[in-house]
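Letter by letter, the chains look like this.
Protein chains: 2
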Amino acid sequence: MNQKGGNSVQQNPYELGLDRNPANHVALSPISFLERVARVHPARTSIIHGERADNWQTTARRCRQLASALAGLGVGWGDTVAAMLPNVPAMIELHFAVPMLGAVLNALNTRLDAEAIAFMLAHGEAKVIFVDPEYAATIAAAIQRLPNPPRVIDVADPLFGAAPPLGTLEYEDLLAVGDAAFTYRAPRDEWDAIALNYTSGTTGNPKGVVTHHRGAYLNSVSNVLDWGLPQHVVYLWTLPMFHCNGWCFPWAIALQAGTHVCLRKVDPELIYQLIRRHRITHLCGAPIVYSMLIHAPKSCREGIDWPLEGLMAGAAPPIAILAGCEEARIRITHVYGLTETYGPASVCEKKLDWEALPLEQRAQLNGRQGVAYHLQQDLQVLDPQTLQPVPADGESIGELFFRGNIVMKGYLKNPQATQEAFAGGWFHTGDLGVMYPDGYVKIKDRSKDVIISGGENISSLEVEDLLYKHPAVLTAAVVARPDKKWGEVPVAFIELKPGATASESEIVAWCRERLAGFKVPKAVFFAPIPKTSTGKLQKFVLRQQMKSTDAIE
Amino acid sequence: MNQKGGNSVQQNPYELGLDRNPANHVALSPISFLERVARVHPARTSIIHGERADNWQTTARRCRQLASALAGLGVGWGDTVAAMLPNVPAMIELHFAVPMLGAVLNALNTRLDAEAIAFMLAHGEAKVIFVDPEYAATIAAAIQRLPNPPRVIDVADPLFGAAPPLGTLEYEDLLAVGDAAFTYRAPRDEWDAIALNYTSGTTGNPKGVVTHHRGAYLNSVSNVLDWGLPQHVVYLWTLPMFHCNGWCFPWAIALQAGTHVCLRKVDPELIYQLIRRHRITHLCGAPIVYSMLIHAPKSCREGIDWPLEGLMAGAAPPIAILAGCEEARIRITHVYGLTETYGPASVCEKKLDWEALPLEQRAQLNGRQGVAYHLQQDLQVLDPQTLQPVPADGESIGELFFRGNIVMKGYLKNPQATQEAFAGGWFHTGDLGVMYPDGYVKIKDRSKDVIISGGENISSLEVEDLLYKHPAVLTAAVVARPDKKWGEVPVAFIELKPGATASESEIVAWCRERLAGFKVPKAVFFAPIPKTSTGKLQKFVLRQQMKSTDAIE
Chain E
644 MNQKGGNSVQ QNPYELGLDR NPANHVALSP ISFLERVARV HPARTSIIHG ERADNWQTTA
704 RRCRQLASAL AGLGVGWGDT VAAMLPNVPA MIELHFAVPM LGAVLNALNT RLDAEAIAFM
764 LAHGEAKVIF VDPEYAATIA AAIQRLPNPP RVIDVADPLF GAAPPLGTLE YEDLLAVGDA
824 AFTYRAPRDE WDAIALNYTS GTTGNPKGVV THHRGAYLNS VSNVLDWGLP QHVVYLWTLP
884 MFHCNGWCFP WAIALQAGTH VCLRKVDPEL IYQLIRRHRI THLCGAPIVY SMLIHAPKSC
944 REGIDWPLEG LMAGAAPPIA ILAGCEEARI RITHVYGLTE TYGPASVCEK KLDWEALPLE
1004 QRAQLNGRQG VAYHLQQDLQ VLDPQTLQPV PADGESIGEL FFRGNIVMKG YLKNPQATQE
1064 AFAGGWFHTG DLGVMYPDGY VKIKDRSKDV IISGGENISS LEVEDLLYKH PAVLTAAVVA
1124 RPDKKWGEVP VAFIELKPGA TASESEIVAW CRERLAGFKV PKAVFFAPIP KTSTGKLQKF
1184 VLRQQMKSTD AIE
Chain V
644 MNQKGGNSVQ QNPYELGLDR NPANHVALSP ISFLERVARV HPARTSIIHG ERADNWQTTA
704 RRCRQLASAL AGLGVGWGDT VAAMLPNVPA MIELHFAVPM LGAVLNALNT RLDAEAIAFM
764 LAHGEAKVIF VDPEYAATIA AAIQRLPNPP RVIDVADPLF GAAPPLGTLE YEDLLAVGDA
824 AFTYRAPRDE WDAIALNYTS GTTGNPKGVV THHRGAYLNS VSNVLDWGLP QHVVYLWTLP
884 MFHCNGWCFP WAIALQAGTH VCLRKVDPEL IYQLIRRHRI THLCGAPIVY SMLIHAPKSC
944 REGIDWPLEG LMAGAAPPIA ILAGCEEARI RITHVYGLTE TYGPASVCEK KLDWEALPLE
1004 QRAQLNGRQG VAYHLQQDLQ VLDPQTLQPV PADGESIGEL FFRGNIVMKG YLKNPQATQE
1064 AFAGGWFHTG DLGVMYPDGY VKIKDRSKDV IISGGENISS LEVEDLLYKH PAVLTAAVVA
1124 RPDKKWGEVP VAFIELKPGA TASESEIVAW CRERLAGFKV PKAVFFAPIP KTSTGKLQKF
1184 VLRQQMKSTD AIE
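These protein sequence lines are chains E and V, in that order. For the first sequence, the numbering used here gives the first residue as 644, with consecutive numbering after it. For the second sequence, the numbering used here gives the first residue as 644, with consecutive numbering after it.
What the hints contain is simulated information worked out from the structure, not anything from laboratory work. It cannot be assumed that every hint is accurate.
It does not matter which identical chain is used: a pair holds within one copy or between any two.
[Said to hold, decoys possible] EDC-like cross-link-like pairs, simulated, lysine to aspartate or glutamate; straight-line CA separation at most 16 Å:
| hint | residue 1 | residue 2 |
| --- | --- | --- |
| 1 | 1056 | 777 |
| 2 | 1087 | 1108 |
| 3 | 1056 | 658 |
| 4 | 1128 | 998 |
| 5 | 1087 | 1026 |
| 6 | 1112 | 815 |
| 7 | 1165 | 694 |
| 8 | 1085 | 1036 |
| 9 | 1056 | 662 |
| 10 | 1182 | 1156 |
| 11 | 1085 | 945 |
| 12 | 1085 | 1021 |
| 13 | 770 | 694 |
| 14 | 1085 | 697 |
| 15 | 1165 | 1063 |
| 16 | 770 | 1021 |
| 17 | 1085 | 1074 |
| 18 | 908 | 1042 |
| 19 | 1112 | 1156 |
| 20 | 1174 | 1026 |
Chain E on its own, in the form it takes in the complex (with noise of 0.2 Å):
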């Protein structure tokens, strides 16, 4: 910086006597969006779920009350809590209250199986667990496992309707033992966590992304800046909130004095019916989302006479899923992301002069992960090796790297996959692509063997690892084959050992007894794996084979 002139710290005038204070320096936290808007709007509708619609006074009342009985429960600094819920209000109100304590908010995968979860639930300390009937037996069969079970606290739907409690406190109840005056000290820190989300990564064992206020927050903010989101946005919740804290828009919906549209499933009836009912205009998912809303009965669209907004992100949206959405006038925006980077960080930001060409050209800009965040510093394809950038070709491949103010604190109880992720000064993506001259990034190859599958990732290594375990297994190598539906499915490649026999019914049946469903493979082959001369499986040859099956189709 000191090129000829500049100060060392002591002679710099600007430093002296003018320090940080509690006037001037307030730790930045999305949990502000909440107390602006119960000021300022107090009165505007805060969620709609079924017959039930709460203002924004009354989300922040119910949201201190939480946060009062949660620390009547003894949860407080760093203390983990869970949750096993669709996208129903309390778990918008988990998003203000736990962190309201300082406490971390683990909102769980619920398609995940009790193996997976029990995992989740040792590795993150959870000392309380929020559950939904519809998941109860899956919580009973994963904290059965436990020596130290978190706290069970049943939260009804009436839209599930009745169902046997899990635990002895319901929602509702443990509410009503809240102070809705509780005052609560903001984050000591804006590096404090906020969250833990757990990942699929490469490994068979999930890793914990722990991310902060101030990523939240910043997150948040960019999603308004990055998506044009207006004030008032009646916002509907096809995105699962567990992924990735539902974008951060639990807390952006807060910022912009919208409105939240609960959604237990994505169902496109019912996701018609809402949009018409509510007037919804904004909603968010992976391209299996919109690719139901555009198949759907067109009788369902009637009466919606405005354009939707869409914010699409989980994989590059195929052609005929833009060309359907324009047809259903559902305005796509691009956006990539991982769980590392509070899910979007980056948007395919459209250029007006890209309006006037063809769908296929537009379908082919608009299908890059593009640039960063306006909130996030950085994204460049860098060479892995050297963090040197590739050319700007859009043919010289590299790494996505990522760096900025939404990206992680860091993997949860593992230096060394933090010390990896962050290697050089940038975050490692894992994902393989190049940029393009006009600064737009586009993805060409996962590194990392991750299969997508209708927006859920599935370690290809997880799978692999239990067809080891099948006592006929010699070699397994499982890859993604493309899928109308859902993006990705996994499929097997098996080698048996000599004189074994197996069968792919008997092969499927040994996956679905042990795995989540979308993680079982939908098809086996039983056939040579190439290998490289040193043993090593060659699975890109696989998946190649696997895109021109398709291709064929």
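With chain E held as given, fit chain V onto it using these hints.
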């Protein structure tokens, strides 16, 4: 926080090995907005000035060149760079180039006289000053008074015309020696100073308000949120950039990939020409700017068939101006703040149900100072003694206090004023007002005796000090008189020394020789000044008198 549960720092698993690093923590700085827009929208128009139109790629290059050239002049971290410029392209470029070096931009009020400027240059220790030819004489007079005058850079402007240079180096020649590929470092800390703005307070000597990168970043973003500033906005510079860094709009326009349209002087005819030619939609200013616009001949507005958005601060918008703006299709958003809060830090956020109310009621509601900006933490009306909130009844008077990240570091070299400003953990605005039941604030009076004339602050004490120096003056009190054009103008009340004589024109001439024109009393009354039993002048009585005078007129 630790009501019952919670962890110590040693126990908290979320504190272990999850520190800040260059991949996940970057100092917030508005410089990043320039980098992003130059990458994403390089070909979009950045700055228009007369017939000149630059694009963002050019602007980014020029800013780096300027930073590089300034570094060559010895400017570095903690050095002050002054600017005596109207709203020209160089002023925008300085807002990025100076912070790139960790240096501090001191934009000077072009309406001030040489003595005031000399004080600021000396106090701020400016190393370099950029000078527009219109103010060359003032600066020449100012630097004559300085033992260590700053290096002068002349900023020529074809729209001003040819003028003899004051120094030996012209802006474009300076740029020419700079390196467009200059790599600067991000600020070492987001708390680093970014700007120095002198405010005329109640004491004779102005105070140097020091702002920081974090606040400039967050206020820029909050401008977008609070005004709904759209992407690619075309913005007209009716607000002087030397006023609190143009309320952070030099940065906010870059954030939204917009276009700056420069303006040397508020001239309604020219403004409408530029609005028509460049399809301008947004502008800022004090009420007088809007007053000029609505009183311009109707022919000026021909061909402008789109609505304008106007951000207004400096005084509550009078009903006549609000009505006139509605008629002229200028949609006003009323904001409030101080130099200490980077310009506006509160907004009278509109409610949808106000729209149906009659104009007078709407004007009353919109005339309030409102609520804290989205990214400012809080605005309250407190008892200045106890710092407890006054009842939210719209009647109980207290002082307005801000708290949050859009508050200055403090006053340069003035620890006492800094401590007083932040006493009790709130920023003391010095403005008195009330809190309404809906959480909105309204200013009722000023605890300081500042007079606001055409958006400029005048310290009554400064004028009084000067009057007291006149040989015939015994007692002097300067107060505001309401004025249709300027909002307020200063008027003086004088008690002469026994046996002494002086005429109004003599007193005015005395002031005119020694003060900037706008500070000179517009009327002088020779009359006894009401005093308290302890001899304190009761200026509020005089103010009241001036208000009724106006009402009678």
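Against the structure, the hints come out as follows:
1. 1056 x 777: neither (31 Å within a copy, 64 Å between copies)
2. 1087 x 1108: neither (27 Å within a copy, 72 Å between copies)
3. 1056 x 658: between (37 Å within a copy, 10 Å between copies)
4. 1128 x 998: neither (28 Å within a copy, 47 Å between copies)
5. 1087 x 1026: within (14 Å within a copy, 62 Å between copies)
6. 1112 x 815: The answer is neither: 45 Å in one copy and 73 Å across copies each exceed 16 Å.
7. 1165 x 694: neither (39 Å within a copy, 65 Å between copies)
8. 1085 x 1036: For residue 1085 and residue 1036, only the intra-copy Cα distance (11 Å) is at most 16 Å; the inter-copy one is 57 Å.
9. 1056 x 662: between (34 Å within a copy, 13 Å between copies)
10. 1182 x 1156: For residue 1182 and residue 1156, neither the intra-copy (25 Å) nor the inter-copy (86 Å) Cα distance is at most 16 Å.
11. 1085 x 945: Neither. Shortest intra-copy (37 Å) and inter-copy (47 Å) distances fail the 16 Å Cα cut-off.
12. 1085 x 1021: within (15 Å within a copy, 42 Å between copies)
13. 770 x 694: Neither, since 32 Å and 66 Å both go past 16 Å.
14. 1085 x 697: neither (42 Å within a copy, 29 Å between copies)
15. 1165 x 1063: The answer is neither: 33 Å in one copy and 70 Å across copies each exceed 16 Å.
16. 770 x 1021: neither (37 Å within a copy, 33 Å between copies)
17. 1085 x 1074: within (10 Å within a copy, 53 Å between copies)
18. 908 x 1042: Result: close neither inside a copy nor across copies, 35 Å intra and 51 Å inter.
19. 1112 x 1156: within (13 Å within a copy, 96 Å between copies)
20. 1174 x 1026: neither (26 Å within a copy, 78 Å between copies)
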